[in-house]
Every structure is written in structure tokens, then in C-alpha cells.
Amino acid sequence: MKERSIIYNSTSDRETIDIGQGLGTVLSGGDVVALVGELGSGKTWFTKGVAKGLGVLTETVVTSPSFSLINEYDGRHTLFHMDAYRLEGISDFISAGLEEYFYKDGVAVMEWADRWPEILPEWRLKVEFTIIDERSRQITLSGYHPRAYEILKSICNT
Amino acid sequence: MIILGIDTSCDDTSAGIVLDGRRVISNVVHSQVELHHPYGGVVPELASREHLKNIMPVVSEALLKADIGMRDLDGIAVTVGPGLVGALLVGLYYAKALAYVHNLPMVAINHLEGHILSIFLEEEVPAFPFVALTVSGGHTSLYHVKGYGQYSLMGQTLDDAAGEAFDKVARILGIGYPGGPVIENLALEGRGNKINFPRAYMSHDSLDFSFSGLKTAVALYIKKWRGGQTETDGVKISDIAASFQESVVDVLVQKLIDAGRKTGVLAVMAAGGVACNKRLRARLEEAASSQDIRVYCPRPDYCTDNGAMIAAAGYNRLLTGEKADLSVDVRSKYPTQELSPID
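Read top to bottom, the protein sequences are chains C and R.
Sequential numbering from 1 applies to the first sequence in this note's numbering.
Sequential numbering from 1001 applies to the second sequence in this note's numbering.
Worth flagging that the hints you see were computed from the coordinates, not collected in a lab.
A few of these clues could be false.
[Claimed, not checked] Chain C is faced by these chain R residues, among others (derived, beta-carbon under 10 Å): (1) Cys1010; (2) Gly1083; (3) Gln1156; (4) Lys1168; (5) Arg1171; (6) Ser1332.
Nothing here was measured: the structure is a model prediction, and the numbers come from that model.
Cβ atoms here follow ideal geometry from the backbone N, Cα and C, with glycine treated the same way.
Let the sequences and hints guide you as you build the complete structure.
What follows is the structure, encoded as C-alpha cells:
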């Protein structure tokens, strides 16, 4: 299948949240969002937006899951915010029970998803963050599965 | 009243025995730092397996060091959250088994209440009300402590915890884990004013924290520095560590003192792993003395995760007759607002 994509340019954390929110509003249970980008490129900000779009209560603070590896938030669909940053290998990821979250009835957002792309389900939507300068980031949403196409299409229609 | 406190909320297996909630008779901590070192952080599955291996020897050693037996105990206090579920389960189920077999009352303790009350293990203690900063790899929060069990959250991190920023910067610099002590040591030889990293104070009256921007700024700086693109020449790795540390310390000190002034309390305290940082402790003393506020910091052994602080927290609850059912479960999230106040 051919890869399709949408490219955004964000000039602030605020805009990164808005782009994430746009995605969050069209996501459904079982969706997997794979975040790719170096330290400080805006992955956690983007996830704050996805949480907003999923209807997670605004007073809930979405914080980095680096330490806890997974944070769960209740919304229209449960948000599983995961982080592979501290894990060394794919077996750590699996033995920590994190792989299961891709197949639960919630939305799984995973940071550092490029470390082991082979464990990600094929219906994932990839979100890539590129640092342009101190404040600007290029954010590319892409996928090659019919479900990913559907998500990209709904974003364009909203 | 002699209480055994058990904590397995993160990477340390710990047990402490405390008399009347104040006097530490023994405090045994088995750290998994060595085990986790190659990973640059804590791996929960490893943590659970290690806790399982260590829990019995650690509790036995605590009893041995205190020179008492199980029959001398009046109760057991155990951490049920917040923390890593797999890790918490090991401590809780061991505590349940002990309580059941020896017919002892058991109380379920919030790990953060343990940190807040850890200061009561020291000779000199603050009077209520005071403001507490709990700062570690997993949290950075300010509480208005009005009494036992009465902790209102005044501010918290909106992204990364302070300890996490230390760990991540240490990892970018390639100097090891845990980030706190390695950066603190490296910073001793560095110049804290060499690089002006950002300080996120948020809005004027906010007591929330944000360390993600600082982490990003340091990461970008290191990239340029390694590529030889930084303007100031002669910047050493120790200067980066010291300047980063200075930025974190500035924010922690200012927010804690602000919170103290806002509430009108006469005392503030800092606890949790990052509160071991000597630069933070020195700067806090300095800032507080000009404000007529007294600073209390538990000794480093009581700042990092330990069983004694859990026993201290358990004492006040056991005194009122509070008792956890054997069906009590662990909680990965456990806001302190949900705690019941103790008169």
C-alpha cells in the first residue's frame, strides 16, 4: 500500500497542541499513534493535544511517561500514553507488558516508536517531528493502512 | 508503638522500623541502581523480579538490625501507590501475608505522604502548617501541609519531573545513571553561570513547574557544542552540567519560597531524591534566611525512597485505629487529595 501523509508546520508549543487536538478528535478505540522525533521535538506537547481531542478532562495534567513508562487517562476513549525511551530492547518492552496496550480498546500513543517499528500494528498512524529551529517544528502525519487513510481523511474534513 | 514500614514503589526495596513515628531503629534499603545502570533508568519488569528476590532479606535485616522480632511489632505500614504497579504489588502482598500471619494491624500508605512526613524522622521538625516540595524522578509537587493527612496540592510539573530532567541530560551527556548524583558531581568542577539556560517560571503567580523546555534547550545546546558551533569557547562538559543544575535549582528554590510566602507559613521543607542535591539545599537555606522562613530537609537517607518514612506515616494512621482490609489493592495513581485527614 502507498503511504499517504499530511505535513504541518508548527511555530509554538501551543500550535503543536492544536495539531494534536485535531488528531485526537477523530481517533477511535484501537487506534495506535506512533510518535517519532528527538528529545525536545514536541512529542509530549502533541500528546497533551491528543488528550484534549479525546475529551480527557482539561484539569488533568498530561505529563511525560518516561519514568512510569505508561500513563492512562480517561476520556471518550481511554488514552494510553507510552514511552520506550528508557527501555533497552524489544524484549524489555514486551516483558513490561506494554505491547498489550496496542490491542486494547483505547488509543495508544507511543513515544520513541521508531526504536522497534516491527512491534507496531500496521494500522498505526506515524507522527514525525523535525526540529527546524528553537521554536519551529515540522510535524508529518502518515500511514499506509486503510484505517490510517481514514484518520487522515477525517482530519482534512474537520 | 513499633511499626514496620515497607516500600517497593519504584526501584528500591526498603524496610524500616520506627518507634512512635519519630525514632528510626533501623532503615534498610536495597538499591537496584547497579542493575538498572545499563538501561539509563528503571525497567519495571526487572524491578518487580528484584523486589521479589529482595523483600524477605530486606525485612529480615531490618528486624535484625533493630534487634527485635515480629512479635515486638505493633503494626505494619506499606506503600500502595503511586508507583509502578508490578513493583508495588510485591511489597503490598508481602505486608498482607505478614499482617495476616502475625495478626498485626496494617495500614495502606500513600508514598508521597511518606515523603512529606519523612522530616518527622529528624530531631528538629517543623510545626504545622508548612509547605513541602516533593521532588524526584517521578514527581515535582508543592503541598500546603496543614496537618497529618491534610495536604493540598499547590503546584506540580506540567511535563517532566525535575529528576527526570537530570536523568535525560545525563543520558545526552553520556555520563551515566542516576542523573542526579552524576550531574551534581560533575557540576562541582563547572561554572554554573557559564551558559544561560532557560528558567520556566510559568505565569507570574503560578506554582506549577515545567522542565521540558529546559531539557530541550540543553539538548539543542549540546548538539551545537559537540559540532563546535557554540559561541563561547572553552565551555567544558562540567560547565554544561553546572549551568543546567543552576537552572533547575533556581526554579525549585523560587517556587518553594514563593509558596511559603503565599501561605504565610514559617517553615518549608524539601524531600524526595532530588532534595539530596547539596546545591539545592544550600541555595534554599540562603533564600529562606532572607525571608524569615526556616528550611527543613531530611538527611539524604530519608530523602530517597525508604521504609522508615512509610512507618512514620503509618504511625499517625494506626494511632487513630485506621486499618486496611486485606482486600486493599495497589494504585498507580494516588492523588494526596484523596487521603483522609487525621485529627
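(message) Please check whether R:Cys1010 passes as an interface residue: C-beta within 10 Å of a C-beta belonging to chain C.
(response) With a minimum Cβ separation of about 8 Å from chain C (threshold 10 Å), the hint on R:Cys1010 holds.
(request) Please verify that hint: R:Lys1168, Cβ, nearest Cβ of chain C, below 10 Å or not. (result) Status holds, d = 6 Å.
(message) Just to be careful: measuring from the Cβ of R:Gly1083 to every Cβ in chain C, is the smallest value less than 10 Å?
(response) Holds. Min distance 8 Å.
(message) Checking hints one by one. Is R:Arg1171 an interface residue toward chain C, by the C-beta closer than 10 Å rule?
(response) holds, 9 Å
(message) Is the interface hint satisfied for R:Gln1156? The criterion is a beta-carbon contact with chain C at less than 10 Å.
(response) holds, 7 Å
(message) Can you verify the interface hint for R:Ser1332: is its Cβ closer than 10 Å to any Cβ in chain C?
(response) holds, 7 Å
Checked against the numbered hints given earlier, this structure breaks none of them.
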